[in-house]
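Peer 1: Now for the letters of each chain:
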Amino acid sequence: MVSPTPEMIHDQLSAARLQLKKWEPERWPMAEYAQDGKATTPSEWFSKMFPEQARIHGCPFIELVEDRADGFKRINPLAQNLDFLAAVLGGDSKLGHKVIYLEGEMQWYYLDSRDKLFKPTSDEKLANLLRALLIRCAEELPDTVHKLNLFLEFRSDKAIRAIIHRAKSILAADHTFFSVESKHQRQKGPEIHERLARVFVEQVLERQPGEFLTLSNAYLIFCEYLRGKAMVPVKRTVFKGMFCPLVRETFNVGLRHDIINPETQKQGDGWKGIRALDLEAGVLGQESAEVA
Amino acid sequence: MNDNPHLRRLQQLEQARKSWRESEWRLGFLRTETGTETPEPTDEDILQWYHRHQK
Chain A
-17 MVSPTPEMIH DQLSAARLQL KKWEPERWPM AEYAQDGKAT TPSEWFSKMF
33 PEQARIHGCP FIELVEDRAD GFKRINPLAQ NLDFLAAVLG GDSKLGHKVI
83 YLEGEMQWYY LDSRDKLFKP TSDEKLANLL RALLIRCAEE LPDTVHKLNL
133 FLEFRSDKAI RAIIHRAKSI LAADHTFFSV ESKHQRQKGP EIHERLARVF
183 VEQVLERQPG EFLTLSNAYL IFCEYLRGKA MVPVKRTVFK GMFCPLVRET
233 FNVGLRHDII NPETQKQGDG WKGIRALDLE AGVLGQESAE VA
Chain B
158 MNDNPHLRRL QQLEQARKSW RESEWRLGFL RTETGTETPE PTDEDILQWY
208 HRHQK
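Chains A and B, in that order, give the protein sequences.
If you read the first sequence in this note's numbering, its first letter stands for residue -17, the second for the next number, and so on.
If you read the second sequence in this note's numbering, its first letter stands for residue 158, the second for the next number, and so on.
Rather than coming from a laboratory, the hints here were simulated on the basis of the structure.
Note that the coordinates shown come from a computational prediction; the quantities given were computed from them, not determined experimentally.
It is possible that part of the hints are untrue.
[What the hints assert, rightly or not] Stretches of chain B that chain A covers, calculated by requiring three or more beta carbons in the stretch to come under 8 angstroms of a beta carbon on chain A:
#1 162 to 172
#2 176 to 182
[Stated by the list, open to error] DSSO-like cross-link-like pairs, simulated, lysine-lysine; straight-line CA separation at most 30 angstroms:
#3 B:175 <-> A:4
#4 A:20 <-> B:175
#5 B:175 <-> A:80
[Unchecked claim] Looking from chain B toward chain A, a few residues come up when the C-beta cut is under 10 angstroms (computed):
#6 198
#7 199
#8 206
#9 209
#10 210
#11 211
Where a beta carbon is used, it is the ideal one built from N, C-alpha and C, also for glycine.
All chains should be modelled from the sequences, with the hints used to inform the complete structure.
Peer 2: In structure tokens:
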């Protein structure tokens, strides 16, 4: 085997370069009547399809361009721009699409053009969309593009997880996004309360030996929690039905019927070894007032 | 641009259907199957949808 000489290495390096090249539409006067040009690199393909995201977040991929002896160029996408791909998940406004991540609920929503309502979706579903776009890009590009990274590396669970994680900050929305004053509407249903109840159990309740939480108290705190998110409180019976299994699932503690309320000295439903954080003091005061 | 209104409508409808198919393809990944069947949109629905978003 012959070791490469400095001249050979120089020739190889001079024939290859890195590029950040987005799609550029035709600018000549009659361009609007011309056949729509085709993208020839992964960056061109994505930035043509998502020009707004490319304008804000930059080129989709860094690509290695090699000039070949036959005069053709060989394009190899080396690494993806996470911010660009995360923004792509936000949807194409020209199609009326929009995807947001509601931070308070740790939940994704997409706008369904059929009924103009935001509906919940998941990390996994967004990952499926991203993988489908990447493979479509690989399929539609000519053979002068190396497709291994598009097919395998960029579609790996690890790479997709990183993009979804980044998208949570880029596409973040706060609780006012669906507030009463907002123009955005989401699909209403018990699942929203149930999802909030799950977050509530995870964030507001904690295991504390010696403490107890009455069902009445938990209900009042949850209603307060919902009001804080501009949502209508649920009925107590609905709350009990969805809350008890969640507490059992999270803390492995069942509902008891022998919890003494210190305010009223009456026996009632509740949980031992569980307490509520943050909202506890204020709501306990309300409960006492109501009992009085 | 074509001056014949029928041909122009046909061209717009073709473009609108293409965009609608693309939209449905992408949304299909985000949707969850439900028990209720969604009726197919009419040509008029698709054209209205297209004009609303292509401004």
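Peer 1: Next step is simple, just say for each hint if it's right about the structure.
Peer 2: Status of each hint after checking the structure:
Counting residues of the segment 162 to 172 of chain B whose CB lies closer than 8 angstroms to any CB of chain A gives 0, so the stated coverage by that chain is violated, three being the minimum. For a cut-off of 8 angstroms, the count of residues in the segment 176 to 182 of chain B with a CB near a CB of chain A stands at 3, and the three-residue condition holds. Of the pairs offered as hints, the one joining residue 175 (chain B) and residue 4 (chain A) holds, with about 24 angstroms between alpha carbons and a cut-off of 30 angstroms not exceeded. Pair hint residue 20 (chain A) plus residue 175 (chain B) holds up; C-alpha atoms about 17 angstroms apart against a cutoff of 30 angstroms.
A threshold of 30 angstroms between alpha carbons decides the hint, and for residue 175 (chain B) with residue 80 (chain A) the separation of about 19 angstroms falls inside it, so the pair holds. At a threshold of 10 angstroms, the smallest CB-CB gap from residue 198 (chain B) to chain A is about 8 angstroms, leaving the interface hint in force. With a cut of 10 angstroms, the hint placing residue 199 (chain B) at the interface with chain A is violated, because the nearest CB-to-CB distance is about 13 angstroms. For residue 206 (chain B), the suggested interface contact is upheld, since its CB lies about 6 angstroms from the closest CB of chain A, less than 10 angstroms.
With a least beta-carbon distance of about 7 angstroms to chain A, the hint placing residue 209 (chain B) at the interface is held under the 10 angstroms criterion. At its closest, the beta carbon of residue 210 (chain B) sits 4 angstroms from a beta carbon of chain A; the interface hint therefore holds under the 10 angstroms criterion. Here the hint on residue 211 (chain B) is kept, as its CB sits about 7 angstroms from the closest CB of chain A, short of 10 angstroms.
Going down the numbered hints, you'll see the structure goes against 1 and 7, while the others check out.
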